[in-house]
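Single-letter residue listing:
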Amino acid sequence: AAGVIQSPRHLIKEKRETATLKCYPIPRHDTVYWYQQGPGQDPQFLISFYEKMQSDKGSIPDRFSAQQFSDYHSELNMSSLELGDSALYFCASSPSGGSYEQYFGPGTRLTVT
Amino acid sequence: GNSVTQMEGPVTLSEEAFLTINCTYTATGYPSLFWYVQYPGEGLQLLLKATKADDKGSNKGFEATYRKETTSFHLEKGSVQVSDSAVYFCALMRGAGSYQLTFGKGTKLSVIP
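In the order they appear, the protein sequences are chains A and B.
First residue of the first sequence: 24, per the numbering used here; consecutive thereafter.
First residue of the second sequence: 64, per the numbering used here; consecutive thereafter.
Check before you lean on any hint, since a few could be wrong.
Here are the simulated lysine-lysine pairs, DSS-like style, with alpha carbons at most 27 angstroms apart [as the list claims (entries may be wrong)]:
#1 B:K131 with B:K171
#2 B:K115 with A:K80
#3 B:K140 with A:K80
Chain B is nowhere near these chain A residues, computed Cβ spacing over 12 angstroms in every case [stated by the list, open to error]:
#4 E37
#5 R51
#6 D65
#7 G81
#8 S102
#9 A115
#10 T134
FYI, nobody ran anything at the bench for these hints, they're computed from the structure.
Virtual Cβ for every residue (Gly too), placed ideally from N, Cα, C.
For reference, chain A alone in the conformation it holds in the complex (with noise of 0.2 angstroms):
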């Protein structure tokens, strides 16, 4: 069966430049959600897109900025990066109208140097 897809799935950055992280959700699922897990933490819910539209809205810094896109993919734009912006994020699909079930990506793993 279908996955989510992430890419890349490693990105090593040093302080203050740009990332674009970028998820590609299962096949008919149109809403996508982007968490980021620190070493050793529990994922934390970043924010989320329903129909190309802004659904929710975690603790996403004012430098991070994501979009969903025509065929549902999602990109996740990073900018003025700092060395606590390294982790793990994972991008989420799920289908609308039933028990909205997350599916996860195999995540990027970000490192800022």
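Assemble chain B onto chain A, guided by the hints.
Positioned in the frame of chain A, the structure of chain B alone reads:
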């Protein structure tokens, strides 16, 4: 606000031992409850879920019952295997327009032969 409290790990068990990982929650309304598992270097996999009081979720020998009176969703397995070694996260989804997951801190389980 919503929160999830899990028993702290790490938990080390011998193969075929009985497993219990405690999880309690605080939430308004009637949240849905989930257990996710994260194997080393991988993303989060949905293990089981329950959407209303007294529901029992089960999968791969794992079970958890949604207890509204004690606000708990403890994970159990009668006989663990080495392959069950992973980090287990309890999570809730409030619903009613908010579908973000709120996770517990995670419990690392190690099963030794």
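Unsatisfied constraints (hint numbers, rising):
Going through the list in order, the structure violates hints 3, 6, 7 and 9 and respects the others.
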